[in-house]
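S.K.: One letter stands for each residue in the lines below.
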Amino acid sequence: MLSYAIKRVMQLIVTMFGVVTLVFFAIRMIPGDPAAAMAGDNLSGAALEEFRQRLGLDAPLWQQYTDYIQSVARFDFGSTITTSLPIAGLMLKALPITLMVAGLTVLLSVLIAIPLGTLAAFLANKGKKKLDNAITWTAMVVDLMPAFWTALLLMLFLSLNLRLLPASGTVSLEDPMLMLKRIALPVLVLAISQVATLARITRTAVLEVLNEDYVRTARSLGMSEIAVVFRHALKNAMLPIITVVGLSFGNLLNGTVIVEFIFSIPGIGTLLVYGINSRDYPLVQNVILFYAFVFVAINFITDIIYKKVDPRVQF
Amino acid sequence: MRRKRKLNIGLLVVAGLLLLSACSNNVDPASGNTPETAASENGAATPSTESGEPKVLKVRFYDDPAGYDPANIFRIENENIAFNIFSGLTSYDSVTGEIIPDLAESWETNDNMNWTFKLRQGVQWQKGYGEFTSADVLYSYNRILDPATASPYAAEFNNVDSIEAPDDYTVVIKLKSPDGNFLHQVANYHQGQIVKKEVVEKFGNQIKWNPVGTGPFAAEKIDPSSEIILVRHDDYYQGPAKLQKIIFSIIKDESTATIALQNGEIDVIMRSNREENLDILEKAGFKMNNVENYATSLKVFNLENPILANLKVRQAWAHAVDFNAIAEGVSPRLQKSAKSMLLDWMSGYSENTKQYGYDPEKAKQLLADAGYPNGFTITQDGTSASGVTEQMQLEQEYLKAVGINLEFELVDTPTYNEKRNSGDFDVSGRLLPAVNPDMVLFSYLHPDNIAPKGLNGARYNNPELTEKLEAARAEKDDTSRLKLYEEVQQIVMEELPYLPTYASNVYWPSKPNVEGIVINKLAQVNFYGVDIK
Amino acid sequence: MTNSKGYADRNQYGKDSCLHEAVFFSQNEEEEGLNVKQEAVAGTIGQPIAPAQPRIQISYMRFLYVNKNAKWAMLILLPILLLAFLAPALPLQAPLESNIRASLNAPSLEHPFGTDKLGRDVLSRTLSGIKVSLFVGFSVALIALAFGIVLGTVSGFFGKTTDRMIMGVVDIFLAFPSLLLAIGLVAILGAGTVPVICAIALSDVPRFIRLQRSLVLSLKSRTYIDAARTVQAPQIWLMAKHIVPNTIAPLLVAASIASANAILIEASLSFLGLGILPPEPSLGNIIKDGQMYLQQAWWISTLPGAVILLIAISLHFLSDGIREELDPRARK
Amino acid sequence: MDKGAAAGTIDRNADIPGSANQPLLQVRDLHTHFFTESGIVKAVNGVSFEIQRGERLAIVGESGSGKSAMAMSLIQLIAYPGKLVSGSVRLDGKELVGLSEAELNKLRGSAIGTVFQDPMTSLDPVMTIEEQMVLPIRKHLKLGSKEARKHALGLLNQVGIPDADKRISSYPFEMSGGMRQRVMIAMALSCKPKLILADEPTTALDVTIQAQIVELLKTLTETTGSAMMFITHDLGLVARFAQKVAVMYAGKIVEYGTVDEIFNSPRHPYTQSLLKTIPSVSGEKRVRLLQIQGFPPDMKLPIIGCSYKERCPAASERCNNDSPELMPRQGRQLAACWLKNGLMTEGYESITTQLSRGELNALTKQERVNTADAAGVITTERSALPVGANEGDATRINAFVADDANIVLQITDLHKHFKKTSMLPWKKDSEIRAVNGISFKLRRGETIGIVGESGCGKSTTARMLLKLDEPTGGRIELNGNIQIVFQDPYSSFNPKMKIAEIISEPLDVRKIGTKEEKQLIVRELIQKVGLDPSYLERYPSQLSGGQRQRIGVARALALNPTVVVADEPTSALDVSVRAQIINLLCDLKEELKLSFVFISHDLSTVRYISDKIAVMYLGEIVEYGAAEEIFVNPAHPYTKALLAAVPVPDPKIEASRSIELLKGELPSPAAPPAGCAFSSRCPQVTVLCTERKPALQEYLERREVACHAVS
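Protein chains in written order, with the UniProt record's numbering: chain A, 1 to 315; chain P, 1 to 533; chain L, 1 to 332; chain S, 1 to 711.
By construction, these hints were calculated from the structure, which means they are not laboratory data.
Among these hints, one or two may not hold up.
The following label-pair restraints were derived from C-beta to C-beta distances [said to hold, decoys possible]:
| id | chain 1 | residue 1 | chain 2 | residue 2 | range |
| --- | --- | --- | --- | --- | --- |
| 1 | A | TYR65 | L | PRO107 | 35 to 45 Å |
| 2 | P | SER422 | L | LEU142 | 31 to 41 Å |
| 3 | L | PRO107 | P | GLY357 | 33 to 43 Å |
| 4 | A | ASP303 | S | GLU147 | 34 to 44 Å |
| 5 | L | LYS68 | S | LYS515 | 37 to 47 Å |
| 6 | L | SER214 | S | GLU131 | 25 to 35 Å |
| 7 | A | GLU225 | S | VAL687 | 36 to 46 Å |
No more than 30 Å apart at the CA atoms, straight line, and that leaves these computed lysine-lysine pairs for DSSO-like [as the list claims (entries may be wrong)]:
| id | chain 1 | residue 1 | chain 2 | residue 2 |
| --- | --- | --- | --- | --- |
| 8 | A | LYS129 | L | LYS71 |
| 9 | S | LYS83 | A | LYS7 |
| 10 | L | LYS71 | S | LYS83 |
| 11 | S | LYS498 | L | LYS71 |
| 12 | S | LYS106 | A | LYS235 |
| 13 | L | LYS71 | A | LYS126 |
| 14 | A | LYS235 | S | LYS498 |
| 15 | A | LYS128 | S | LYS83 |
Yeah, the Cβ is synthetic: ideal placement off N, Cα and C, and Gly gets one too.
Bound conformation, chain A alone (with noise of 0.2 Å):
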């Protein structure tokens, strides 16, 4: 265990590392002169060369790389461009939101993507194809529709025909009701995509179970549909279930920069869109950097959890 916790965190820094460098020279090689791209419209001549030394932008190239990892390395993330705030405290803030929306979403359909599937799979192992069916079908439809659109068909049904949510708001931690009330809807936009996407695997994966020896070991012990199901063919498809939803909590920081756009989430989403609206390099610089390093992350623990869970796996 370990040993191989060791060898996935050596392996997490060098990724970490690749990503650092790829990110900053992939922006600088968007066309354009940023110092002057940032100014604005009336900065010129010596204003413009001082705001492009104050941003460190003379420097040669390497130098800026070199500072620039040096910096990450300490966690100081500096202050954005244009607004002058301190990034570090920016995604401090944005962050919780995010992974909130993203947890929520992930347990939501979590809860009802996994009963869903076992159910599906249940019915198809049982040879029942037209309920199987229906359920597998409407996951696929579910599933394929983009998140702007369901997000506004939401909105006009929930918010604007029903009220039953509002489509704007404060968001803010102090109120927690308020908070659950207002991401309620994005939730349910992303873990509407989220449910189909994971319905499905799990059908497939609890369906592939109660093909397995032991499952049919049980029943000649005269054990209960149910307790086949549940006991046996669940418990050991949750294992690839365990590393789609880690994928897809990462999967899902994509659908949070559409979604947040929509409903105006403060999250790291609408960060990131700010900084590359404004061209502020370090922010989306270290924005995306902060991406990188949660998706990364995420596959760490759940890679961690499935040997945990797992039995066989030995270290």
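Chains P, L and S: place on chain A using the hints.
M.R.: Only chains P, L and S this time, still in chain A's reference frame:
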């Protein structure tokens, strides 16, 4: 066992969500409005003052806040917030756009060179920073001029020779050359807004998030990622405003904003920019506060481009596209075709210039004369934020009909601006809100302002026109100055370094009971006059 | 007799049931072979016995109409493709031709999918968009396949430092959520069809390399590789003759899903203004444009949306079909 | 079969439940169909039989004969799309068909226990043994959790699991295959079942473990009085274990009788042929093996007449039209054949002639029977002659006479150690000694058989011989060229290549010959292994297992090897095909003067084909010498145990054998016992054995043995 517990937590969460949705039928404490009643009254807000509750106005804010330091402020929505926090020596009348007194009670000048301002007495700074005096004016203007501030608006004071404060309530400004429009420079806008030395020094580079002014509203909370809250400045020299609080919620998506207003989550949409949403809101009975012709969109031709350097090509372009039909078809509320770089309410506006009616045959003829009988291909820049708009698509179709193959290149907004400033473009666009005709014409057309030094993105340099511009600035007589402006516009419309395309209107749809939303010619609202009935 | 069989010889019959069906990928035979347990000593009866009828190797074409899923995929895809390519010949308004006076018309005989804000025919635009979207989808799949096969094979086959280097880079790219990667690349390259294809492919390529690598790793220990090794076959021979041809099928499964996803990601990019530039219609940007008019004119985004769904579903069908042929156990 | 069975209907109330004379299980006209998309597979097509209390019935048949489906039908555990269509199953007179799931669940695991084939997959991998055992016990015996655990512990002790109280909380993956199968048996026994269904319970296990499990099952049924239905394809096991035998073919029972009746006087042509196709462990003569022609019928098509008619040399017109039912022969023996004595109508010896004739008929009669079978026909003409009577005997005798000129392969002190290093510096590296110093010589035309249980290092040795693995020590000297025939004919061919490409691949790689020359060589090779050149255009998936294995041989011959390594070449094959391949290898050996390294755990095959034998245990050779001598008179205790563990398909021999079972299981090669590797399981172990490793020393004249007790 473990799974069971997990399941229970899950059920709790689901139950919680359902409960929440059920709860939303009750009064929403934050907004003070009940969506339910809003629904029953077809989108009308209920006044919340009956019980003596504070009046809170919720306004949709459509972009990321970028800070509120007048020396470095940009983008109109930020300027609108600063407009309510700060004051200038002068200000604009919301309805007419005329210069009116603000911190300066009165002023005098004989020669448009020496300006003496008499300041209002007893004006209090927000947040207990004491009384406003001439020292504040001096500090503010010098700060703009200080290269260390790196203010993009420093150039506005280029003409200033000296600023003096003979006493606490008098400011004397000497200009290098006469400027009949100088009152615009000291208005409540950009460099004209007065800041407090102590505040600036206290907050350093965080000043943009801690604005303190003398205006009707003070900043209570600025969360750049979600909202800005302004509270009433009780010691405002005109007396406290009717609204206790204004909450600006950031809602970037237009559809979301529309639904939020319909839902009663907000009271006002600061600029609804899509025709179809205005349609919906108007039909639903919302108040369509608007101002007409606040700014002209200009098509910027890069005159260094060999094709576009040909006058006939530019004229052909103007004849080829029926901007009027496009505006009518796509966004009749939001746009009209423009006839001049200036706007019809500005002093000096003239339609007594060459006008280019839609005439594809003539356009083809002009192209043939210019040596492009088979047309040519040219690229127009755009921002990925707005994408290829419907207007752009139609224009492309019109141009294709005369043989001009228009292509689009989308980049992010800063790059878009940067390309235009550095001359790395063929055709670009520009929209500059201004109330001052001199500012428009001088900055777009004077060779001193050729980008990147100024706004003259077309790189236009016509000595005849330059002479007229300078003469107009120096001219003390209004009629003669207006005459000069007319001549300038005649040259511009003949030579078309810029092609005025659309004149834009601005809409701030609101609930019916929100009163006093008057959008001024800078597309700003002075919330001092706003009330909820 | 093989442990892969479910109880009551379920899979054996499952397999038998396919005897008359196509043998699309002969690997299914081999899969079973892998599972054959070592038999006990003297006097065994029975082992998988060849069927009475000799099997006929059936072509990919035959697979398309024999496999049920593949058949469905073709039943949906072919008419759509046919319509898309015949569109110029159909009596429809040209996709770019606008008519402001016919703005936002509801579906009618003249405009089966209605018109958009500029009075353009939505059906015509949709058909034209299908071509663009499918082009995006298939290009992405092709790029991902090409890089995946080359780098994945090299990485998996040679192992050691080569593998560690390639996988190191792959891990770096995999650390980004795919949409981010696409946004980033479009920011660098600018919007447009080619950048969009590259941007989407960029996030698929590392996945394909991974997949191919794992396939190669599992194939590397196959007996027929050993057989070729015993005659000292050079490595390039092993890769070209034995490994790559046997990874194509599972890669095609991934590719068909990747192309469906690419079409959907292009829609998301369009939403952010980073997709294919209007007025050239892609299914993504039609939906994005129409989304704004959802309250007034549902048809603009809903009908092309349904087309995207159909295409994506049929691509999923296709992949299910291939998967089924690969793994007899997946058959219902 | 009694009249009731023949009539197919019984008055269900006729039998009084629980009456002493009544059979424990009565199955009447059972039909189970699989409704697949491409047609209805009639897997069980009218099966009727009975099991008496405490009786052990063996069900024998090829895969696809429906024996597993039949067993699962008894407890109605048939997976979709299978369905029990009709018939009656009575346990103690109580009708099971038509019971609800809940009622069936009360019987499953309590009145009827089931043991499945593969213990590796039949236990839930993520649950401990306790979790899996306790719940059914609590359910059926209505015990509290503590008592249930106690009960489970008792059962584990009963099935011989050491440290049961510790093992009960371990996961299946922490146990060996044999241990897992013991757990399976304990689970099946947990509620004192009246009937145990055992579906190939030992197939996945090594011989010595198989012997242990069989003994355990035998003892348990005897002590508990449970009846057992035992499904197998291993006739040796049947002889060792069963009291009654039912032979299934194409969804039906074709012959039924006591074990002696079936082995001594089989009546159905299928049973008769089967018994003739297996090489015998005790057999002295090398008689050419017989083969059954053709394939079983497609179960989706309706079968008109006898299902065996196409493969039966004695089939007549009547067989084509009428399907024979089970009819009584002598005693309680039943057979479904129109001929009274099947192929033995003209006496016992006539089976051979009939079969041979059948092969001829098959060739002329049906085009679809390929020429592969014809190859068997031609050689059958001289099948009565012992193989290698002239030269073969000479080689055998000279096996130990020094003749270095003829040595084609010599390996000396060959080692292969796998090292596993840990990332953590404080953890020791572990080392697995897969092959630990083996030596042998092989002469031209000679065959050496390497035998041993899985994990003994025999396959690693093969891989080193072929340079697929690098040895970590020792020398391999080869005179000429070495090639291999792989075990698994399914995975040893690239499914994307045509047969012609597969056979010519070695030539292509070595760039031998022009295109035309290669074509010629390939045609020659495929004919040499007895296949028609038309097969060259096919893909491996279009060939049967036996045909593929012939292709494997052809490929191995392409480069004119002097030595061919055959790594379990027949273990994945059906018994009749197995005979073909063995015959082919023998022919080639003779014809081409090939030397073989024949690796197998199938002792009868090894004995049949080898001149010399090397018995391996944990990477070392423990006994080495002439094949016949080792088989007749094994010296090393391990060799003895190995030979004893193999069941012989002859109930008389089995009954008379006193089987000395090996204790325990194969130790981990990562941590072999100190001293003699076999010391942990040896019945003759002494202190010396645990201290000092015995060297391989000469024993008698022509053997070497590594044992302190022997030297």
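S.K.: The hint says 31 to 41 Å between SER422/P and LEU142/L; measuring C-beta to C-beta, is that right?
M.R.: About 38 Å separates the Cβ atoms of SER422/P and LEU142/L, which means 31 to 41 Å holds.
S.K.: Is LYS71/L within 30 Å of LYS126/A, Cα to Cα?
M.R.: Holds, at about 25 Å.
S.K.: Do the Cβ positions of ASP303/A and GLU147/S conform to the proposed distance bound of 34 to 44 Å?
M.R.: About 41 Å separates the Cβ atoms of ASP303/A and GLU147/S, which means 34 to 44 Å holds.
S.K.: Given the proposed pairing of LYS129/A with LYS71/L, does the C-alpha separation stay at or below 30 Å?
M.R.: At roughly 18 Å apart (the allowed maximum being 30 Å), LYS71/L and LYS129/A satisfy the hint.
S.K.: Hey, LYS83/S versus LYS7/A, does the alpha-carbon distance stay inside 30 Å?
M.R.: Status violated; Cα separation ~51 Å.
S.K.: Next pair to validate is LYS71/L with LYS83/S; report whether the Cα-Cα distance is within 30 Å.
M.R.: Within the cut-off at roughly 28 Å; holds.
S.K.: Given the hint that LYS235/A pairs with LYS498/S, test it: the Cα-Cα distance must not exceed 30 Å.
M.R.: violated (44 Å)
S.K.: Using the Cβ atoms, figure out if LYS68/L sits within 37 to 47 Å of LYS515/S.
M.R.: Because 42 Å falls inside the window, the suggested range holds.
S.K.: When you take the CB atoms of TYR65/A and PRO107/L, is the distance between them in 35 to 45 Å?
M.R.: violated (56 Å)
S.K.: Is the straight-line distance between the alpha-carbon of LYS498/S and that of LYS71/L 30 Å or less?
M.R.: holds (27 Å)
S.K.: May I ask you to test the hint 33 to 43 Å on the CB atoms belonging to PRO107/L and GLY357/P?
M.R.: holds (36 Å)
S.K.: Keeping to a limit of 30 Å between CA atoms, is the pair of LYS106/S and LYS235/A held or broken?
M.R.: holds (24 Å)
Hints 1, 7, 9, 14 from the earlier list are contradicted by this structure; the remaining hints agree with it.
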